[in-house]
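Chains as they are written, first to last, in the working numbering: chain A, 1 to 510; chain B, 511 to 922.
Here are the simulated lysine to any residue pairs, SDA-like style, with alpha carbons at most 20 Å apart:
#1 K376/A with P366/A
#2 K29/A with D166/A
#3 K516/B with D137/A
#4 K218/A with D22/A
#5 K114/A with P725/B
#6 K329/A with S259/A
#7 K324/A with Q261/A
#8 K283/A with S422/A
#9 K218/A with A62/A
#10 K116/A with I730/B
#11 K114/A with T728/B
#12 K114/A with T734/B
#13 K283/A with Q261/A
#14 K114/A with I730/B
#15 K114/A with Q753/B
#16 K114/A with I755/B
#17 K114/A with W732/B
It is worth saying that the hints were derived from the structure and are not from the lab.
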Amino acid sequence: MSAAIELTGITKRFPGVIANDDVNLTVEKGEIHAICGENGAGKSTLMKILYGLQGADEGTMAVNGEVVTFNSPNDAIDRGIGMVHQHFMLADQLTVLENIILGAEPTSGGGAIKFKEAEAQLAKVAAEYGLTIDPNDLVETLEVGERQRVEIIKVLYRGADILILDEPTAVLVPQEVEALFDNMRDLKAAGATILFIDHKLDEVLEISDSITVLRHGKTVATMRNDGVTAHDLAELMVGSELPTPETGESTVTDTVALSIQNLTVVDEDARPVLEGIDLSIRKGEILGIAGVEGNGQGELVDAIIGTAAVSAGTIGLLGNDITKLSVRKRREAGIGYVPEDRHREGLLLDAPLWENAALGHQTQAPYGSRWFIDRKGTRRQTAEIKEQFDVRTPNIDVSAHALSGGNQQKLIIGRELTSNPSLLIAAHPTRGIDVGAQAAVWEQIRDARANGLATLLISADLDELIGLSDTILVMLRGRLVAQVSPDDVTPRDLGAYMTGAATQDDGQAA
Amino acid sequence: MSAILKLPAWLRWPLYVLVGIFVLTVVQSISDTERLTQVATAREMLRFSVPIFLAGLGGLFSERSGVVNIGLEGMLILGMWFGAWGSIEYGAWAGLAIGMAGGALGGLLHAIATVSFGVDHIISGVAINILAPALTRFLADEVWESPTTSPRTESVGDWDVPFLAGGTIFGNETPDILLSIGQTEIWFVHDVAQLLRGLLRGTHFVSYFAILLVPITTWIVWRTRFGLRLRIAGEDPVAGAAQGINITRYKYVAVILSGVLAGLGGAFISTELSGLFQGGNSAGRGFIGLAALIFGNWRPGGVLIGALLFGYVFGLDLRDLDGTASHAMLLVNTIALVGVGAWALSRNRTTDAILAGILGTLSFIWWVSSDTVPSWWSNILPFVLVLLVLVFFAQRLRMPAALGMPFRKGDS
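I would like the entire structure built from these sequences, with the hints used as guidance.
Structure follows, in structure tokens:
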């Protein structure tokens, strides 16, 4: 039996860069095959070639034993290849069904869509692969995980049995990742072949049958997932020894930087989303907040930065009450902020890097004054950030969306740290970035800590939390339910607190 | 209230309309005017509304495909000239068709500029609005040797609905039921009958067709393949392109269609209403159509309601020489604002409620302290209405997500 996909000697050059250099890849039928590699290793380019979005300069592709050339995604779709993009291709205001049938609508002679027939077909496909979804929901109302399921059903509906998933877990919370993996196993059981890109190694090891590692556009290794460890994979990806988020010596001082007392925030329906939060962070301390997403971490950040209304309690920064200050005043008072969603809150994607570097600090030197932007100063400072924080970019005039996720994040971290804040709020600072950039971010946060920065760290990556934090607080349903020391806690213990399976009063985590 | 919201839209809207007429009746019974519910008022409303509605519906196609169409006014004006010219040269029906073609030219220009060349939609639209009056003035001077007026045009005519409004069937007279009801003095009932009769007697064929366009458009946009692809172009063109849909083509078709409808509205003005082309006769109805589109939340039924509402205010003003009816409208405004205030209060939107309260009070004070209102008031009233709708209901309005954004093939 021939392989589902066989790529031989694929090479793709862009001006100045070789994205793929003699890549060979064989994906057997009915397996889950992971492609891992750092950002910029050429994974996405390879997938685009496979999906017909770009043409290869050299090399051959064979699908199910037949040599093919794709000029557009439609050719790939005809061969049964479907792609689930990392950024969903769904229209919010259309129903699930409308999104799925788009481009392949069953119609009567007059052009009217046969919705009944489409719905039946959708139900059939969904049942075949064990996926459930309500076809008449507006996509707008769906959770991220459900949207992804719609994307997967969309390619299945069009008859694909080879699925390409481009970093499917990057946008998901842990429970959703579990659900996705269950779906993937069902798909595999139903005969589908899955090719997925990921750089979270534990996930790769959990789900895949085979793994191919790319580095600098070359295939470094292909192996069965059999006795391979995350450590092995990571070394293959970066080609050297691995960084860890260890912080070493404690640098905690006695000066309290952030002090929050009895903080309560309510939602639109006056239900508390944060209740009676008491915490303080001292200079040189990293305070980690653990919690399943949606348990009030976002609201805590919003309350500190000033974008959520506080209904009770006080927030103090270096002894000054900032509860009633505007966001700008708070930023000027010395709060640095690395937002959770860098595309929505951290950057103006269409603006050049030097404008992005001034965001949030535009009223302060060297970026500007109260009324005016200091272009020269801003550009100089941006160049400084680029050097100091190793933001890999040809120049500071390219727009932010031209940078990879890791470099965007380094720019944000640089912007926030060079303004010498007294408090840094870091929400998921390494989410969706590769191992190399992750190590750089950790390094920067560690250095700032040594210089006396107080940091509030929110992360879903428990190893990161345990490795970086001096103290860890656990949040559950808007309350702080446990305080643990990172020295004697395991991710498993934390998980138990996070889900409420254990409480601090038990003494022991389950 | 929640029980009403659960009703299907086709039941809910007539109910709202009845409530509106009820308010008019109540106000009328304590004012010294009878114009609020006269047959002629309804007729003027419809005559004024149809071009607004057609322009708004044109805007619906364009904007559902993601192209902002502020050039509707210009396309309407093109439709006016070409409609008149076609009617004079080739007869009434041809006039309408040629008017539509004239509007389509404006649409094509807008599509080329915005879709192919990525010109800002507003700028292209404004350019068309400047171009159209100038071009038609030039053409009128060339063809009719008068820059502002044409000779008389032909009309395709009108029709009375049998039984309800005394129309004839194969030459046989039928009873005029609404007239009989309207002549009774039953409070509220005869007001409804009169207003309805104004819509059904002496109504242009084009007006009936325009109203038929509500279900037709709904069907096209929400039930057909063309409609689904049109909407994806306005909601998320990148997602559409990823499914192999030719977004550019759908935008072109939609914008040209938009010109066709606005052109029909223009031809209606010159050949059916005025009986000649006259510069300035559009009276800004293309713009008001755009307002009706927003008012109607980019839905055909909503656009019709919006057009009728604005048409009502204009139509009322047209016959209201002493200003008493427009004065009574102040009280209607007051009641409407109080209603909005109560609604806002029930949703815990205190600021909105207070604002509505203040505006309502001002309107009431004006009503109490005067006997008539100046004519400029009724001229701006439709725009005031739009502003109020935007202020109070903006959160409930939902425009196409990718409206006004440039789309380039190959973007991702």
